[in-house]
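Here is how the chains run, residue by residue.
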Amino acid sequence: MSPVVEIKNLSVNYGAIKVIDNFSCEVKENSVTTIIGPSGCGKSTLLRCLCRMNDRIEDFKHTGQILIRGENIYDPDVDVYELRRRVGMIFQKPCVFPKSIFENVLFGAKHLNGIEKKDYESLVERVLTEVNLWGEVKNRLDNLATTLSIGQQQRLAIARTLAVEPDILLMDEPTSSLDPESTAAIESLMQTLKSNHTLLLVTHLPEQAEKVSDKMIFCNIIK
Amino acid sequence: MSAAAFERCMIIFLSLLTLLISSLLLIILVTVFIKGLPALHSGFFMEASENFGRSGGIFYQLMGTLLLMTGAVLVSLPVALGSVIYQTQFLKSKSLKEVCRLSAQMLNATPTILFGLVGYLFFGVYLKTGVSWVTGSLILSIMILPTLQISIREAIEAMPQKYKDTGMALGLSRWEQIKSIIIPQCYYGIITGVFLGLARAAGETAAIMFAATTFSGIQFPETFEDPVPTLQTHMLVLTQEAANPKAIAQAWGAGWVLLALVFILTITAWILRSRLKMEAEL
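If you read the sequences in order, they're chains A and U. If you read the first sequence in our numbering, its first letter stands for residue 94, the second for the next number, and so on. If you read the second sequence in our numbering, its first letter stands for residue 1314, the second for the next number, and so on.
In isolation and in its complexed conformation, chain U is listed as follows (with noise of 0.2 Å):
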């Protein structure tokens, strides 16, 4: 073979490959599209579930995944904010500022039931918080602590430095600067990290399936100690032991609720990003 046809031939190959990878994710957007489109109907986004999640909607389940996930960013992003104007404001030593980089891309590629473990441990058990919507969102809030660091920092690094140079300049003290300069400054990386951080927090299951969620028995919860019917143990019940069509139907209908959520989200802080990068030229 020649080395004009290898190279063709190796140019089809790997544009297969990314065809491949391509298709992947519009498979996966066309199968739960078109199987959970039939559970849509006009009341599935109001009603409760019924029947075991045979029949009705899943009002109580969208509801628990967004407290979790609020709840989860809430407490999420005061520490990361903290964390990263700390790291990149105050921490001079350059392996200090590296090992807290690498903590928290470790912390990221964590295999999530763990933090499901340790955290129903420390929370649940040693804090008291037990089966309750409070420990997912702590668990959830730790989860998502990275994806919530990295953009911000990535905002920060971004900043032109003579943003801090007039401030410093005019005599503004350092808590000045972060309140005036830097937070104004990096609004939009920081939105964009909180929508990141939301999207990650309502696909999340195995985290919190046993120290949050619950599949029926609760609607929406009254004191601190509820649990939460969420729309992943949702899916993961009726996936796992319904052999009733309609309830893997609603199965379906739950998992396009979801889907769209995560896609929104992470349309959102696309968007946010591209402001972000148009603030930086300026």
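Same shape as in the complex, but just chain A (with noise of 0.2 Å):
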């Protein structure tokens, strides 16, 4: 089976500073790779790549490929917006917009083609769902989503992304700001995941890494 991800002689500088030196790997379908190394190592930046969130930083340079699904990312022709919704982030700290719970989840999914007002209920049950919300605001999903716990926000921004239907999910440090509890909930959701998506999750926790990956791979500061 060919790899879902494909990064080959991948470099990257910002401006003078070489950030990536000449990585390649494979990243197999419905499975959780973790990139694991010390804080500056690039974990990041190389996440960054794989949706293009790089690409309006003014000294941003690249060179070698990254292809997904077989397709060069950086090829001209691709579409960026398509592409990072296929390819969906989630971020270290969860960040809901000053909204209901229903609209947040919606946020990006109402921008989709296709999508039709009637079916944003089953969506958001769906999804909520998936990332086992559901049952703790299926009761007030009109409130405030900045009134939810900081575990539960990084849930609904899980959510969030999922409703957009992303085949692909990157996760940077989603725990970092989470109670152990929390933790927790992401790490048994990354494996229910799994099954329709392909992780790729960036880490500082060994134990994290061992506990939920298919693959790791070790990333060292540039010397």
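Do not rely on the hints blindly, as some may be mistaken.
Unchecked claim - The calculated label-pair distances, taken between Cβ atoms and stated as ranges, are:
no.	chain 1	residue 1	chain 2	residue 2	range
1	U	Thr1579	A	Asp170	48 to 56 Å
2	A	Ser288	U	Ile1580	52 to 60 Å
3	U	Asp1478	A	Asn206	19 to 27 Å
4	U	Glu1360	A	Asn206	57 to 65 Å
5	U	Glu1411	A	Arg162	36 to 44 Å
6	U	Pro1391	A	Ser288	48 to 56 Å
7	U	Arg1414	A	Arg149	16 to 24 Å
8	U	Glu1411	A	His155	23 to 31 Å
9	U	Gln1474	A	Gly228	30 to 38 Å
10	A	Arg149	U	Met1323	48 to 56 Å
11	U	Arg1414	A	Pro273	41 to 49 Å
12	A	Asp235	U	Trp1488	26 to 34 Å
Just so you know, these hints were derived from the structure itself, not from any lab. Quick caveat: nothing in here was measured; it's all calculated off a predicted structure. C-beta atoms are modelled at their ideal positions from N, C-alpha and C, and glycine is treated no differently.
The task is to assemble the complex, starting from two chains supplied on their own in separate frames and drawing on the hints.
Here it is as structure tokens:
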């Protein structure tokens, strides 16, 4: 089976500073791949490259190739907005908008073609159930999302990303601002998510990497 | 003198300076308040001025000021918002950004009479809008552009990057990010800018006195070519020309209303700004 993500000889520079040096790897479908290493070794930069979140940084330069399902994502013909929907990203600190829980889940999905208003409710229920949040919030979907606990906010952020139906999920230290209980919830969620998605996780916790991953990649700071 | 004594003297001197500056505002406020109060009778806000300003109210002057202010903001807001969005979201070059920022600051420091002159030549003469409220609104709209730009830019730059990152990661296009994230998240900053702009336009006299306003002859403009009476012109003409103490009192009354108007706008802007700070900390 051909890999979902293939990185070939990737090097990244911010101006004169080299952040990633000649990195290659492959990621299999429906697996959890963990990238582990000290802060500043370019883990987050690597994830951000996979959904082209670095495009707007003025002095960002890269060489090498990133292929997703065989397609070079830095090809000029690639629709970057479509790419970012297929390759969802979860950040370190959950970010919810000062809107209702319902509106937050739909924040990205609303802009997709082919989703009608009548489908909103079923979509919200489906993705919130997927992240095990539905039972906790079903009676207060109109409340502000900012009233949720941080752990709940992170699950909400994952639900919001799932609502745009990504194929690959990038998680950048998703549990680093969470308490142990919420961390365990997210870790077990990763296991269920991988049946339908391919996950790439960045973490600095070796135990977490050990627990959740099918494959581990170790990074070091460039000397 | 010992070092400690010198220091004490310095502190007293500096505190007196601060007191002087703070009391200046108070002096202006109290003077206008006391001098203006006698003119404020029950009909002052609702009546037209009579006998060349010696009696009656300032209804049409107030309407004129409000009309010019509103017109100015309606023209200025989309221009300021659009240009700040371009500068913060699309423009990559740091030096060009700096040029934009500097030019806004220099525009802000330009003597307002020059806005009036150039604005009148361009709009009034070249575009043939004449001496009219339209010319006045256009001139004021340019004059308040920097105020709006600075306020909107401040709000957009204070917006946490995480909101934009989140929108971007969800695959929102640039336009969708602007529409669904930047404008709603910076809403209070934009409105703060609007109120500060309104306040600035309300107080402006020099830029519009010969291009848009009239002392008498017209109450409320009926066409686009009509000039308007404003509180500012009313005060200016009454204090310059009138010998009659009644007319002077009327001028103070108009000043009272103008000051109250600017004060309300500024305080509203200030309250909105604190909402904005709260939002940025969320």
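Results of checking the hints against the structure:
Evaluation of the 48 to 56 Å hint for U/Thr1579 and A/Asp170 yields a pass: the beta carbon distance comes to about 53 Å. Between A/Ser288 and U/Ile1580 the beta carbons are some 58 Å apart, a value that agrees with the proposed interval 52 to 60 Å. The hinted range of 19 to 27 Å is satisfied by U/Asp1478 and A/Asn206, whose Cβ atoms lie roughly 23 Å apart. Roughly 59 Å separates the CB atoms of U/Glu1360 and A/Asn206, a value that falls within the hinted 57 to 65 Å.
Separation of U/Glu1411 from A/Arg162 is about 43 Å and conforms to the stated range, judged on CB atoms against 36 to 44 Å. In this structure the supplied range 48 to 56 Å holds for U/Pro1391 paired with A/Ser288, their Cβ-Cβ distance being about 49 Å. At roughly 20 Å, the beta carbons of U/Arg1414 and A/Arg149 sit within the given window of 16 to 24 Å. Range check, U/Glu1411 to A/His155: Cβ separation about 28 Å, and the 23 to 31 Å hint holds.
For U/Gln1474 and A/Gly228, the hinted distance range of 30 to 38 Å is satisfied, since their beta carbons lie about 33 Å from each other. Between A/Arg149 and U/Met1323 the beta carbons are some 50 Å apart, a value that agrees with the proposed interval 48 to 56 Å. Between U/Arg1414 and A/Pro273, the C-beta spacing of about 47 Å keeps the proposed range 41 to 49 Å intact. With their beta carbons about 28 Å apart, A/Asp235 and U/Trp1488 fall inside the hinted range of 26 to 34 Å.
In this structure, none of the earlier numbered hints is contradicted; all agree with it.
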